[in-house]
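Go by the hints and put chain B onto chain A.
Here is how the chains run, residue by residue.
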Amino acid sequence: MALEKITQVKGTAVYVPGNDIDTDRIIPARFMKCVTFDGLGEYLFYDVRKDEEGNDKDHPLNDERFQSASILITNANFGCGSSREHAPQALYRYGFRAVIAESFADIFFGNCTTLGMPCVVAGADEVRALAAAVEQDPAAEVIIDVAGSRVLCSGMDFSVEIVPAAYEALISGQWDPIAELQEGDAAVAERISALGYLPG
Amino acid sequence: MLPLRFFCAPLAACANLPSRETMGQNLFEKVWDAHAVRSLSNGQTQLLIGTHLIHEVTSPQAFGMLRDLGSKVKYPSRTFATVDHIVPTDQRVEPFSDPLADAMIRELRRNADEFGITYFDLATGKQGIVHVVGPEQGITQPGTTIACGDSHTATHGAFGAIAFGIGTTQVRDVLATQTMALGKLKVRRINVEGNLSAGVYAKDVILHIIAKLGAKGGIGYAYEYGGSLLESFSMEERMTICNMSIEGGARCGYVNPDEKTFEYLKGRPYSPEGVEWEKAVERWQSMASDEDCRYDDVVDIRAEDIAPTVTWGVSPDQAFSINGHLPDPEKATSEAERLSIDESLAYMKLAAGSAIKGTKVDVAFLGSCTNGRLSDFREVARFLKGHKVANGVKAIAVPGSQIVDTLARNEGLHEVFTEAGFEWRGAGCSMCLAMNPDKLVGDQLCASSSNRNFKGRQGSPTGRTVLMSPVMVAAAAVSGVISDAREVFELEGALT
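Residue numbers (the working numbering), protein chains in the order written: chain A, 1 to 200; chain B, 1 to 496.
One chain only, chain A, in its complex shape (with noise of 0.2 Å):
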């Protein structure tokens, strides 16, 4: 399966500030009384977003100025909690293409990546540092340059980390590993006979 080699994704940004942001509230658990991911991107941080009537809060997401935004800037530990992948399909369908965080959960950052959605990490001072930018300049273009590991915006241009693992599988079109999985079915069935305790 041929897929885009992701190198670089560039866009506007959307800043939602706080730390341990968790899926429950990147999608809430309602919302995913579903059988398949269409249309879940309406659901994306939908408590927060909306008060009970369905009328917008304050909310960045709600601001006109950042609706087309491809790119989300947050603090740390973002997409906490619990393991669905609803959480990342939201955003992906919603439009974003790549987070920019001071870090990630694990169980989120590996859904991210297998969707082709880059999590790229950066220092608090820089996180700090675009978001103003955004904010000042809505309209002002992000790059996040995967092959060379940097983030240009305005003048700005840092460098960020990306998870050695992501990072290949990004570049190189493979961020989706079911081919590379199934290219293995021999040796898996050698070591599920090697292992003994599996019926194979």
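Keep in mind that the hints are not guaranteed to be accurate.
Unchecked claim - Each computed PhoX-like pair below joins lysine-lysine, with the alpha-carbon atoms no more than 25 Å apart:
id, chain 1, residue 1, chain 2, residue 2
1, B, Lys30, B, Lys184
2, B, Lys331, B, Lys212
3, B, Lys331, B, Lys349
4, A, Lys33, B, Lys439
5, B, Lys394, B, Lys360
6, B, Lys126, A, Lys33
7, B, Lys349, B, Lys439
8, B, Lys266, B, Lys126
9, B, Lys260, B, Lys126
10, B, Lys260, B, Lys279
11, B, Lys357, B, Lys388
12, B, Lys388, B, Lys439
13, B, Lys439, A, Lys57
14, B, Lys439, A, Lys50
15, B, Lys212, B, Lys186
16, B, Lys349, B, Lys360
17, A, Lys57, B, Lys349
18, B, Lys349, A, Lys50
To be verified - Reference listing, derived: stretches of chain B covered by chain A, where coverage requires no fewer than 3 residues with Cβ under 8 Å from a Cβ of chain A:
id, stretch
19, 52 to 66
20, 96 to 102
21, 163 to 172
22, 450 to 460
Keep in mind the hints are simulated off the structure, nothing from the lab. Note that beta-carbon positions come from the ideal geometry of N, C-alpha and C, so glycine has one too.
Quick look at chain B alone, frame taken from chain A:
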């Protein structure tokens, strides 16, 4: 008993590490090596998954992707399904009143049927929360790899399995290949030594660990829990500990297998029998961490330092002793901490500096994959007799599986609960995450034996959750306010 004394030193402290060949391995490394198929082009490992558990929420899309690939389930005998998140705990007759929930159970049934997967459906009498069903059926076994599209999969680590919570695309990977792509984790050994005082339980221990190490402290790690307290714990207590590893940021958590593990598994439906049993026990013993193994980090905790613990905020690491006072944002050591305390107190409608004890409770929830097992209900029942749920409190007790329900009923436990004013419900995830009719309303405050206190977690966007042990939930239910169970049930007197 296996000798469970470990020589452990943080990697950084070892200037002259013996060569790999002469050094023992920890359980994580042994299980990883035994299940590693090959290296992938991005540097990750293709890891064989011995047992795959699925449920209705995170599997339907994976089966859809599998169909798109034109693939079949590669080893259908290694996947087991149950239905838990969306099942109503009161009206359990199909069709369910919620058409979305009804579509999900039908989809799971269709997928299990089409691909030849064992499915513990409602009619089998074996349905329940996936992390209760696996151990109870003997499907969860030491020294194996387990994956499930649910972050509380670490629960199975109580048996010395390496158990990963995974996303839906990975569920597809496991269905299609019985493997997934993964980077190796570091291992942190958490020693808990000593004895718990009366009224302090496994739940308090894990809440204490998370508060100490932080909600992101475990990122990149597997947690190995050990020490004399863990050795003294029953399998169900060990499950409570491992269950909440992810709340501490750790993707897996485990306890080394010992005689208690084997005794628990003996005679279960999927446990090996006869000669196979002897061979299995030998293999399981060999997978336990070696005495001379190394860890990437070691943390020591004294059991005596642990009090009945409750959360006060909207992240599981915002927890303290029941006698604690709410933090003051003005005394925070950083701007981020100040904002976080402010946000949490505002959401919880609690005042800085005040005691949490005495806060009015609207709902008491007893259940979940953390604390919905037989021993949880037995322990609460010991103290609940002669007490009544306070006026204005809705109290529900939800067994983690149909088997837990049956065993509890056989002992008459359900009567103790219903006589006290609890509703005794059918098995499921219930109010832990509110994908079923059990939900908070408005800003109700729930004393909950579940695992997450995130904003909106229990179904109302403004609902408030205070996590605690089952006995503390019972104390809150009968007193109508967050209470110290040791006082409500005169525990110290009863147990010393």
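Right, here's what the structure says about each hint:
A distance of roughly 12 Å separates the Cα atoms of B/Lys30 and B/Lys184; the hinted pair therefore holds under the 25 Å criterion. At roughly 19 Å between alpha-carbon atoms, B/Lys331 and B/Lys212 fall within 25 Å of each other, so this suggested pair holds. Annotation: proposed proximity of B/Lys331 to B/Lys349 holds, straight-line Cα distance about 19 Å (limit 25 Å). Annotation: proposed proximity of A/Lys33 to B/Lys439 holds, straight-line Cα distance about 15 Å (limit 25 Å).
Among the hinted pairs, B/Lys394 with B/Lys360 is consistent with the structure: their alpha-carbon atoms are about 12 Å apart, no more than 25 Å. Proximity of B/Lys126 to A/Lys33 is assessed by CA-CA distance (about 23 Å); at most 25 Å being required, the pair is judged to hold. The suggested pairing of B/Lys349 with B/Lys439 holds, with an alpha-carbon distance near 19 Å, which does not exceed 25 Å. This hinted pair checks out: B/Lys266 and B/Lys126 have alpha carbons roughly 18 Å apart, not beyond 25 Å.
For the hint linking B/Lys260 to B/Lys126, the alpha-carbon distance of about 23 Å falls within 25 Å, and the restraint holds. For the hint linking B/Lys260 to B/Lys279, the alpha-carbon distance of about 17 Å falls within 25 Å, and the restraint holds. Note on B/Lys357 and B/Lys388: the hinted pairing holds, with a Cα-Cα distance of about 19 Å set against a maximum of 25 Å. The straight-line distance between the Cα atoms of B/Lys388 and B/Lys439 is roughly 22 Å, inside the 25 Å bound, and the hint therefore holds.
At most 25 Å may separate the alpha-carbon atoms for a hinted pair to count; B/Lys439 and A/Lys57 meet this at roughly 23 Å. For the suggested pair B/Lys439 and A/Lys50, the alpha carbons sit about 19 Å apart, so the restraint of at most 25 Å is met. For the given pair, B/Lys212 sits about 19 Å from B/Lys186 by alpha-carbon distance, which is consistent with the 25 Å threshold. With a CA separation close to 11 Å, the supplied pair B/Lys349 and B/Lys360 stays within the 25 Å bound.
For the proposed pair A/Lys57 and B/Lys349, the alpha carbon gap of about 19 Å is at most 25 Å, so the pair holds. Proposed proximity of B/Lys349 and A/Lys50 is supported: the alpha carbons are some 20 Å apart, at most 25 Å. With 5 residues carrying a beta carbon less than 8 Å from a beta carbon of chain A, the stretch 52 to 66 of chain B meets the three-residue requirement, and the given coverage holds. Against chain A, the stretch 96 to 102 of chain B contributes 3 residues with a C-beta closer than 8 Å to a partner C-beta. That satisfies the three-residue criterion, and the hint holds.
A stretch counts as covered by a chain when three or more of its residues have a beta carbon under 8 Å from one of that chain; for the stretch 163 to 172 of chain B and chain A the count is 7, and the coverage holds. Closer than 8 Å: that is the beta-carbon criterion, and the stretch 450 to 460 of chain B has 6 residues meeting it against chain A, so the requirement of 3 holds.
Going down the numbered hints, you'll see the structure goes against none, and every one checks out.
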